[in-house]
Amino acid sequence: MQVFGAILTQLLHLLLMLAAAPLLLGVTRWLKARLMGRRGASPLQPLRDLDKLLRKRPVLAENASIVSEAAPYVAFAACLLAAALVPSFSHGMAFAPFADLILLAGLLALARMALALAGMDVGTAFGGLGAAREMSFAAFAEPALLLSVLNFTILAGNTNLDLIAATFRDGALGLRVSLGLAAMAMLAVAIAENGRIPVDNPSTHLELTMVHEAMLLESSGRHLALWDYGAALRLTLWLSLIAAIFVPFGAAPAGSGPLAWAIGLLAWLLKMGVLCLALAWFESAIAKMRVFRVPEFLGAALLLALLGAALLFVSTGLA
Amino acid sequence: MLTLFALCLWVLVLLAAVAVPLGRHARAGLVLHAGCLIASLGFVAVALGVLLTGEPVESQPLPFGPPWAPTRLGLDGLSAWFLLLLGIAGSAASLFAMDDGASGHPLPPRALPPFPLFLAGMALTLAATDAFLLLFGFELMSLASWALVAAEHERPENRAAARLYLGFAVLAGACLVPAFGLLAGSAGALDFAAMRAAPPEGWRAAAVLLLGLLGAGAKAGLVPLHAWLPLAHPAAPSHVSALMSGAMTKIALYVLARLLLDLCGPAQPSWWGVPLLVLGAASALLGALRANLEDDAKTLLACSTIENVGLITIGLGLALAFRGADLGPLAALAAGAALLHALNHGVFKTGLFLMAGAVLHGAGSRRLDRLGGLIHAMPVTALAALIGVAAAASLPPLSGFASEWLLLQALLAGWRVSDIGFQVLAAAGAAVAAMAAALAAAAMLRFFGLVFLGRPRSPRGAGAREAPIFERAALLLPAGLTVLLGLFPGFVLGLAAPALQGLVGPVIRVPARGTWLAAGEGATGYAPLVIALLLALLLGITWMLVRRRSPAATARGPVWNCGFVEPPPHLPFGDPLTQPGAAGIAQPLRRMLGESLLRAGETVDMPAPGETRPGHYAAGFTDPSGPLLLAPVARLRDRIAAEADRLRHLTIRRCLSLSFATLVGLLALLAWLEAR
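Top to bottom, those sequences are chains A and B.
Each residue of the first sequence is one higher than the one before, counting from 1 in the working numbering.
Each residue of the second sequence is one higher than the one before, counting from 1 in the working numbering.
Treat the hints with care, since some could be wrong.
[Unchecked claim] A short list of chain B residues far from chain A (calculated; beta carbon distances all over 12 Å):
#1 Val13
#2 Gln60
#3 His153
#4 Glu201
#5 Val278
#6 Leu289
#7 Gln423
#8 Ala436
#9 Met444
#10 Ala519
#11 Leu539
#12 Ser659
[What the hints assert, rightly or not] Restraint-style ranges between C-beta atoms, simulated for each label pair:
#13 B:Trp203 / A:Ala70: 35 to 45 Å
#14 B:His153 / A:Met289: 45 to 55 Å
#15 B:Leu529 / A:Asp170: 28 to 38 Å
#16 B:Glu643 / A:Ala310: 46 to 56 Å
#17 B:Leu630 / A:Met289: 50 to 60 Å
#18 B:Pro627 / A:Gly40: 51 to 61 Å
Hints are computed from structural coordinates only; laboratory data are not their basis.
Note that the Cβ used here is the ideal one computed from N, Cα and C, for glycine as well.
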């Protein structure tokens, strides 16, 4: 039962992620539009877009190489694997032993590299510009992420996501200032990694301000669908990751049966809804910042995480 | 086993001797490098033999060396591990150089004899069981590689690089000789076993630490003694720069590890790790950032070597600190990360430098601004480069990520040393290591994107052709090994168990479970094989499903580029101005980090409206080691030279009295020493 449950929940989780990713994106866009006083497109719109794009064949530039053909699949597979590692409605799934936070960062870096390579493949101005900016942001986001991981490691003794969530679920740790600081750092990193406002504007139409979209200007058809789907998966995975670490309550053990899973699913949907609302509110309330201000934004996240770790050093030193 | 090793050494020495008379023969390069290839494969076999049995081997005393201390050849786990790396890097480099004539860029005859000597010097350094042989091999390696750096001395920048390189090599020797002298003590016991029996204490230990760091650090390219590396590596022929970057810097790190972790004994305090940690972190950051700003392919790779040397040094420093704090398993974790990263980096960086050589031969340039779009003309080279680049950018499931994962795990465990200063330092080190990894990814993307993707940037680059057969084989060998090392890091680390014992004492267990890497008992693990299989599975399923939904093949059309107008017919590769160049891709990081860390700057010389002269854009940076280290040293040298010059103007009377006074002084010193 245990093994069967683990495998079944893993498959269900994968399907849930695939289904929820476009919906989450749509809900966020709709909420944002409502908050800004517009009617907004239906939350199902991303699904319709994907469905349409997936049926179309891509048009590539004459000098595009195999990189343009292969990169969308590689990036999507990496995002999907990363999403499969982050627990949603259940914990102790089949891939739980591999759900290492550093590996997660590595898989996201693989997807990012594939995207940047595709952006540089035909040698257009905006592709190279976007690739250079995306990689530069990562140079500030990764240290902040790793220092947040350091906070979890000190508290849980591990970098495995499932074990960290289990430790935090026990509640023996109580409320920690360090965890709050790490949560703020993780949120900043999540915003930067997903190219949301204020770091990047996902719905911009001005090429000069694009980062993520600038690399996609040459892709079309099913390739564009894969890129968009991958980006939606990444947003879902980050929201799910933050929920799994900081509010790990409600997730059902893998072997517990369908009723507990349904409760876990409801809890997960609730968490996602709250996070989407918060994201939409934050994006409506703030303006996009200049590209060269982003290091300050992420540097602040880095310092917060370092402060959290330092507080933990002091408190464990006294104990 | 040592017989085979000694045979390989003899083959190399004989090849060097034969290369002198036969150097001008047309096929001399082919024969000589084939011999080097066989000797390198012999090294691999010997190293694997020692690592698999796990027993150190030692020879009879050699008829060679100082009269009071017989020298022996010997290999233990640590030296066998580095010998394995040397053999792999040497094989690939020799294989590459066998195409010497075919690539249309024959090596000058003077570059032939030092190459086997370079290999022999490195092997001798590793097989030394006493200080004399180690220093002999080390200096042979330095001298032979200097001759290779100076091989193409027609160009003034190569001459300057060779001079600087020689200066740093002399500094390394001048620091390592007294370091081993302090370890040998007054009895003059040069044997490693005797040194281990009497570990240094007090000021002596501190002096050994300082001199070892200076000596080995200068050869490995640790900040602040890294100034020679980005100059000397590009100056040498490509297969030599591959060997210098892949193997020679690791030999220097081997000397550092042997000196500080092995010969100084296990009882050294925990703070010994701190200088290594700080210097390693500084090197990692500076090297990775500079790699993002350089516009010469080989210089870029050399800067990335500085970064990786820094990461390995962080691992060694953590191992020292954990060992000093009695945290045996964590010390094994950190030392395992350092050893694994040394091997992984040695393999993929050898491949990348050889790839830069193949690009130089095929497309005629090393400058990123003259290359582009080579993936169409050189597909095999591009494939090998992509694997190497992905490993250098530490992407799973390749080898670079495996060792980086271990290193980050060791850094994240730094808080277990119960000293708050060290804890904060380890946390900062973790942030710097993560930043260096991300910067390396950015540098590698820039490198691959500018060289292989996009459109050609020069007519010569547009007429590039694929590398010849041996060069292709030499590129695919490290690329294949990079994949294998990435998929089976657990086995590889299991092989390193004897080497780990040499570094951190009897190991409780190697941080690996089968093909997995494991951070400790019950802790998290990294299973690259499973991850790679899952990735392949998801990739296959995605591809199948997507293609079932839209079976039409991709169509080709003119580039969209946001509706940019078609280039005029006199620009066959499109408008060069619409393609980002090396300076453009570097711009975000130059402004975000370069301005504060490297005093980077940009100047734009824009003509006034109506003027017809072209505008100029220039971007540059200053490595802090230039104004802070090299310039004062150069001033000091000039002042000393000016002072010494005054001796020439002394009268004959003063000259004679000066020599007489020197003689008397030396005799007095001798008498005082005898009397003690």
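A quick look at each hint next to the structure:
The non-interface label for valine 13 of chain B is consistent with chain A: the shortest C-beta to C-beta separation is roughly 45 Å, beyond 12 Å. Separation of glutamine 60 of chain B from chain A is adequate, the least Cβ-Cβ distance of about 49 Å exceeding the 12 Å criterion. Residue placement check: histidine 153 of chain B keeps its beta carbon more than 12 Å from all beta carbons of chain A (closest about 37 Å). With a closest Cβ-Cβ approach of about 29 Å to chain A, glutamate 201 of chain B is found to remain outside the 12 Å limit, as its non-interface label requires.
For valine 278 of chain B, the condition that its CB be more than 12 Å from all CB atoms of chain A holds, with the nearest at approximately 17 Å. Residue placement check: leucine 289 of chain B does not keep its beta carbon more than 12 Å from all beta carbons of chain A (closest about 9 Å). Non-interface status of glutamine 423 of chain B relative to chain A is broken: a Cβ of that chain comes within 12 Å, the nearest being about 5 Å off. Residue-level check failed: alanine 436 of chain B sits 9 Å from the nearest beta carbon of chain A, not beyond 12 Å.
Non-interface call for methionine 444 of chain B relative to chain A: violated, since the shortest CB-CB distance, roughly 8 Å, does not exceed 12 Å. Listed as a non-interface residue, alanine 519 of chain B fails to keep its Cβ farther than 12 Å from every Cβ of chain A; the least gap is roughly 7 Å. Non-interface call for leucine 539 of chain B relative to chain A: violated, since the shortest CB-CB distance, roughly 4 Å, does not exceed 12 Å. With a closest Cβ-Cβ approach of about 61 Å to chain A, serine 659 of chain B is found to remain outside the 12 Å limit, as its non-interface label requires.
The given range of 35 to 45 Å is broken by tryptophan 203 of chain B and alanine 70 of chain A, whose C-beta atoms sit roughly 60 Å from each other. Between histidine 153 of chain B and methionine 289 of chain A the beta carbons are some 52 Å apart, a value that agrees with the proposed interval 45 to 55 Å. Taken as a hint, the range 28 to 38 Å holds for the pair leucine 529 of chain B and aspartate 170 of chain A, whose Cβ atoms sit roughly 32 Å apart. In this structure, glutamate 643 of chain B and alanine 310 of chain A meet the distance hint of 46 to 56 Å, their C-beta atoms being roughly 51 Å apart.
Take leucine 630 of chain B and methionine 289 of chain A: their Cβ atoms lie about 39 Å apart, and the range 50 to 60 Å is violated. Taking the beta carbon of each, proline 627 of chain B and glycine 40 of chain A are about 57 Å apart, inside 51 to 61 Å as hinted.
Hints 6, 7, 8, 9, 10, 11, 13, 17, counting from the list given before, are not met by this structure.
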